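Student: Spelled out, the chains give:
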Amino acid sequence: MFEKPVGMRDTLPHIYETKRKLKEAAESAMRSWGYRFIETPALEYYETVGDASAILDRQLFKLLDQQGNTLVLRPDMTAPIARVAAAKLLKERVPLRLAYSASVYRAQQREGGRAAEFEQIGVEMIGDDTISADAEVIALLVSVMKQAGLEKFQLSLGHIRFIDELFRQILGTEERSEQLRRFLYEKNYVGYREHVKSLPLSSIDKQRLLQFLSLSGGIECLDEAVKLVEGSTGIEALDELKSVFSRLQEYGVDQYVTFDLPLVSHMSYYTGLVFEVYTDGVGAPVGNGGRYDDLLQKFGRPAGATGFGLRVDFLLEALEELEEETGVHCVLFSNERRVEAIQEAQKRRAAGECVLLQDVAGVKDVDKFTETCKSVTFFVGKSTGGNA
Amino acid sequence: MSMLTIAMPKGRIFEEAAALMQEAGYQLPPELDESRKLIIEVPEENMRFFLAKPMDVATYVEHGVADVGIAGKDVLLEEERDVYELLDLKISPCYLAVAGLPNTSLNEVAPKIATKYPTVASAYFREKGEQVEIIKLNGSIELAPLIGLSDRIVDIVSTGQTLRENGLVEYETIVGITSRLIVNPVSYRMKNEEIATLVSRLTDTIEEKAVQ
Numbered sequence: 028m029f030e031k032p033v034g035m036r037d038t039l040p041h042i043y044e045t046k047r048k049l050k051e052a053a054e055s056a057m058r059s060w061g062y063r064f065i066e067t068p069a070l071e072y073y074e075t076v077g078d079a080s081a082i083l084d085r086q087l088f089k090l091l092d093q094q095g096n097t098l099v100l101r102p103d104m105t106a107p108i109a110r111v112a113a114a115k116l117l118k119e120r121v122p123l124r125l126a127y128s129a130s131v132y133r134a135q136q137r138e139g140g141r142a143a144e145f146e147q148i149g150v151e152m153i154g155d156d157t158i159s160a161d162a163e164v165i166a167l168l169v170s171v172m173k174q175a176g177l178e179k180f181q182l183s184l185g186h187i188r189f190i191d192e193l194f195r196q197i198l199g200t201e202e203r204s205e206q207l208r209r210f211l212y213e214k215n216y217v218g219y220r221e222h223v224k225s226l227p228l229s230s231i232d233k234q235r236l237l238q239f240l241s242l243s244g245g246i247e248c249l250d251e252a253v254k255l256v257e258g259s260t261g262i263e264a265l266d267e268l269k270s271v272f273s274r275l276q277e278y279g280v281d282q283y284v285t286f287d288l289p290l291v292s293h294m295s296y297y298t299g300l301v302f303e304v305y306t307d308g309v310g311a312p313v314g315n316g317g318r319y320d321d322l323l324q325k326f327g328r329p330a331g332a333t334g335f336g337l338r339v340d341f342l343l344e345a346l347e348e349l350e351e352e353t354g355v356h357c358v359l360f361s362n363e364r365r366v367e368a369i370q371e372a373q374k375r376r377a378a379g380e381c382v383l384l385q386d387v388a389g390v391k392d393v394d395k396f397t398e399t400c401k402s403v404t405f406f407v408g409k410s411t412g413g414n415a
Numbered sequence: 002m003s004m005l006t007i008a009m010p011k012g013r014i015f016e017e018a019a020a021l022m023q024e025a026g027y028q029l030p031p032e033l034d035e036s037r038k039l040i041i042e043v044p045e046e047n048m049r050f051f052l053a054k055p056m057d058v059a060t061y062v063e064h065g066v067a068d069v070g071i072a073g074k075d076v077l078l079e080e081e082r083d084v085y086e087l088l089d090l091k092i093s094p095c096y097l098a099v100a101g102l103p104n105t106s107l108n109e110v111a112p113k114i115a116t117k118y119p120t121v122a123s124a125y126f127r128e129k130g131e132q133v134e135i136i137k138l139n140g141s142i143e144l145a146p147l148i149g150l151s152d153r154i155v156d157i158v159s160t161g162q163t164l165r166e167n168g169l170v171e172y173e174t175i176v177g178i179t180s181r182l183i184v185n186p187v188s189y190r191m192k193n194e195e196i197a198t199l200v201s202r203l204t205d206t207i208e209e210k211a212v213q
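Residue numbers (the numbering used here), protein chains in the order written: chain B, 28 to 415; chain E, 2 to 213.
Since the hints were derived computationally from the structure, they do not count as laboratory data. There may be inaccurate statements among the hints.
Computed, partial: chain E to chain B, Cβ under 8 Å [claimed, not checked]:
#, residue
1, Tyr85
2, Glu86
3, Asp89
All of these numbers come straight from a predicted model, not from anything done at the bench. Where is the CB? At the ideal position from N, CA and C, for every residue including glycine.
Construct the entire structure; sequences and hints are all you get.
Tutor: See the structure below:
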């Protein structure tokens, strides 16, 4: 056996078909919402795109070009798209609605079973700061999931500014806030609670921080959240969540949405609404997204932006059945009747069939070869062609 | 309501974990600890249990084949799995410690540490600024300093008896350990109700025990 590098995978024909249909369904949903597809190079500069990306430095594949510049294999599509948008596209039309379907690369240190190259499909909406933009992206995500054939899925929504404001009010310093945010990021609620108990805070404030952990579930958890913050910034964040939800009701997709206020997804990347999407049968989120208003400014053109990315490999895992391979018709011929065979094949292909044209002399075991074909026509020997 | 699959740790932690579940009112099947049957369904509770090596519990939960698991904090520190650590069950208390033969110091040329917890040990010594070589062993860690494989070991200590029996002494405590309730991130959302019920029943039980 020839080995592959850690985390690299082949896609064999029968899986390829299922994947192609899945991607086509998702892409057509995005296109029908007016998102335009874009491609960017697999290699980018480490100093710009690599640095701006949300992916941890140790997960980047780095290499050197011939001038000695450090390059990265793109670890996500959002940063490259932000680069193109800032350099070019934002001059043409604002807001921008862009979509992508591409492979991204993330080095894996642990098990070999985890993919280091996988396809992501997603959208970015750049230059629109409104709640409508946030709601549209989520509604589109739901639509994409349904088009892809997934029914049992769920979205969790959170809001980074709410967390920031709550922590800032109670803890005062950014350093202390970051410590607590890290517990959330690591999903370590035990550690969070212990840390809160150890802080020199009033018991009311401790209680606020502890209660915050339980703010998840239906829309009613936002009413609980209102009681925890003071002042306008935190309340505004909650109002945004409420408005997004009512818009999602208008889209008719609110049944897929729940709230999870302690959701952070990333230590620093997101700036507002964040969300993750989960489905039965896959142990990790199949996709995530949110508002990232600070990214574009790293490319010299500040603009608000929101979007999502879905992992094609996880979606494929969530689909219960693989696509049946649509059988091909096989035309087997011997040399003396070659012309007839070619004509037959071309006629069938013109009619939209998939046709395999095979010289019988090139096949060792005819039965085995034709086993997977849906039907066979023989042009063998001197008699007229027969079906089998 | 969908069925919850729960990964239970074999061995040392099992009995306390099972007792806690029972105190919380869950009817655990008596055959669970006879490890012949690997997976046991409890339809009355809408739950399914299986027994796994303690070190593997977090792996099953991360991959989502178990929704919930009971794992020691030592396993979580070592394995760094992407799971929710929701509750400190406050059972099976022990701690990770550095131990070795009495009145010895680290070899200055090539200090060696034997352990079942290479990630934890390596992080600990790195933070202290000590350059050490970590040697991964799978059991009988106490043997390493006795036979001269390493200067120190990093291992779980509960009563200290094993160390004493082998003539070893503790040098430093690294971190306290108890068992935790861990949850797969997707199950945490998709089976939110079931998990919330489990968490609240266990929380009540733990609090009652703390008062006693």
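Student: Each hint needs a verdict: does it hold in this structure or not?
Tutor: Hint check results:
no.	hint	in the structure
1	Tyr85	4 Å, holds
2	Glu86	5 Å, holds
3	Asp89	5 Å, holds
In this structure, every one of the numbered hints holds.
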